[in-house]
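Could you build the full structure based on these sequences and the hints that come with them?
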Amino acid sequence: MATKIRVKPKRGIRGILETGIWGTLLLCSLVSIFTLAMVFLYLVGNALPFFGRLDLWSFLSGTSWNPFGDPASYGVLPLLVGTILVSLVAAVIAIPIGLGCTIYLSEIADPKVKRIFKPAIEILAGIPSVVYGLFAALVLSDWLRSITHSSSRLNALNGAIILAVMMVPILVSIAEEAMNSVPRSIKEASMALGANRWETIRRTTLPAALPGIVAAIVLSMGRAIGETMAVIMATGNATQLTFDILSSVRTMTAALAIDVPEAVSGSVQYQALFAVGLLLFILTFGINLIADYLMTRFKEAYK
Amino acid sequence: MDKKTMYIAVGIIAIIVIAAVGATLVLNNNGSINPEKNAKIVLLKKTSSSPTFSPMDKAAVYNGSYPLSRYLYLYTDGIPNSTSSVYKWLNYVLNTSTGQMQVQDAGFYPLQTVDLSAMRAQLTMGNTNSLTGSFKEGGSTTMAELTNLWAAGFKNATGITVTVSLGGSGTGIANFINHAIDVAQSSRVMSAQERTNAAAAGINVTEWKVAVDGIAILVFKDNPVNVLTLPQLEGIFNGTYTNWNQVGGNDQSISLFGRDSASGTYASFKDLVLVKKENYASSMLQFNSNALIVPEVENNAGGVGYVGIGYAKEATGTAAQTLLTSFVAMATPLQELDFVMGNGP
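Protein chains in written order, with the working numbering: chain A, 1 to 303; chain B, 1 to 345.
No incorrect hints appear here.
Quick list of in silico lysine-lysine cross-link-like pairs, BS3-like style, CA-CA up to 27 Å:
hint : chain 1 : residue 1 : chain 2 : residue 2
1    : A       : 114       : B       : 3
2    : A       : 114       : A       : 187
3    : B       : 3         : A       : 118
4    : B       : 209       : B       : 277
5    : B       : 3         : A       : 112
6    : B       : 4         : A       : 118
7    : A       : 114       : B       : 4
8    : B       : 4         : A       : 112
Derived DEER-like restraints, expressed as beta-carbon distance ranges:
hint : chain 1 : residue 1 : chain 2 : residue 2 : range
9    : B       : 17        : A       : 284       : 27 to 37 Å
10   : A       : 45        : B       : 201       : 15 to 25 Å
11   : A       : 147       : B       : 47        : 39 to 49 Å
12   : B       : 202       : A       : 30        : 32 to 42 Å
13   : B       : 161       : A       : 284       : 33 to 43 Å
14   : A       : 265       : B       : 155       : 29 to 39 Å
15   : A       : 72        : B       : 201       : 18 to 28 Å
Covered stretches of chain B (chain A as the covering partner; in silico rule of three or more C-beta atoms under 8 Å from a C-beta of chain A):
hint : segment
16   : 8 to 19
17   : 159 to 170
18   : 258 to 268
19   : 299 to 308
These aren't lab readings, by the way, just hints derived from the structure by calculation.
Using N, Cα and C, we set each Cβ at its ideal position, and we do this for glycine too.
Structure representation (structure tokens):
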């Protein structure tokens, strides 16, 4: 860890300026923390009254989501299963492809090839998600239908594939940085002991880069769970509880985007939607915590 | 990274995108690029012994013989006086040579003379709402094409800009109650709860009928089912029937395509068809506009969906016909939406 350079502040104008700049930078970090705290407090503040009207267990285990129905039902289970189904399948598709791409780019590719592929992948990351959603709704769904002959053209698999396409660029960028930062001496030592290139990658470089790779996976899963526009257009938004990837599902993000414009401020539906938002927040937060823990554990083992 | 490799990277991506689009055009014979119409309208009858009616039959829609007839509405805060721009807007809309002509262009049916006179009479009683200049309107996606036609014509005639936003009737009404927009367009009536909320927000809700719509039921072109009774339709959309062979069709599972809960069409269809006050089947795919339902039905052999008449005409390529049936002598006013099933024309 680099030691911080401490310099005694100078007197006079330069000293005041320096302290002033430190103060402004401190203000910037305070603003970000403050914003995060406000969002969390606002979420909790508006979601808690909902749990006064309906208990937590029926909310989490209810199998019907129909806040504007007659009678209304507020079971978040179909939405939760929808989110997890779509994100998990997307991860299953994206992680092998992303890792394969990373290993190829950082270890095997010719520098000239790398100079073309890397910008291409970064351009993929910059495409707006609504364009991906359009592609999934109009083109990908037809391709999938001709292969799977499912009864529903817009389904969870359609959403999962387009999410995987969106996850890969993030995964590759971060994982590739992690793999590049593995010290050359480790790789050279491995080869000196007789391992060929694949064995070196598999047994030395990958384990050494594992903290960064885990971070990459988690960040891309965070994007997948939080993605709204593409899944709204790709999955069909049926509120059914199902584990069948070839049927239509609704994710939590899609439910928020669909129902929030119609909710009247302060009504029970408004509070229910905040409860769903809080659940989403906790889910993403939990994943980040797990990633953090894994990263520190592996860091200790390999450094 | 020098310019040359960046151009090569962009070039490779462009080639991949063009190849993908080209492959789609070649392989995708049933896509939306195909001008062939793959959906058809189902005729409806109230019970198995009633006569069947089509939403294309203007007279049947006007007198209520076609079961899924409804009005399209605008909601304002009070009745505007003659200096306000909202008055001029309503004057334009409720005029047979301007607004009501454009209703036909959008594929809906203009108001009957009785209703039009009633609305114009209401317009003369204006005493509030001194809004001048441009204003905002929003809500129903069913009425989207119609209000855009009106706004363009209105701008040409008076120079006043009307900004139309969408989001569904429910969203429009919620925005109207929150004072975010000045006029709400809706394909359903405001509920009692919404009127209470509006009164609490200090709004004097005034309802204007502006056009007549028939909700059309679309199915895949090759589906042998051409006629459905209302109870069958209810059973299909509440999940009781899951296969077309239960209503006289082939062995094909039913795929439901509908609107989401912010939509007025969702609500009016529910009131007219799901009369036992049950909810839609949870397997129904929900879309935020009429236009998205049509390609789904066209691409799914077991598909069934509900859309406003304007979208159905476009989807099936049929023009409006004015079939004379023995029940039509003179136009009788359209009944209010609390249809009791089984009441004949």
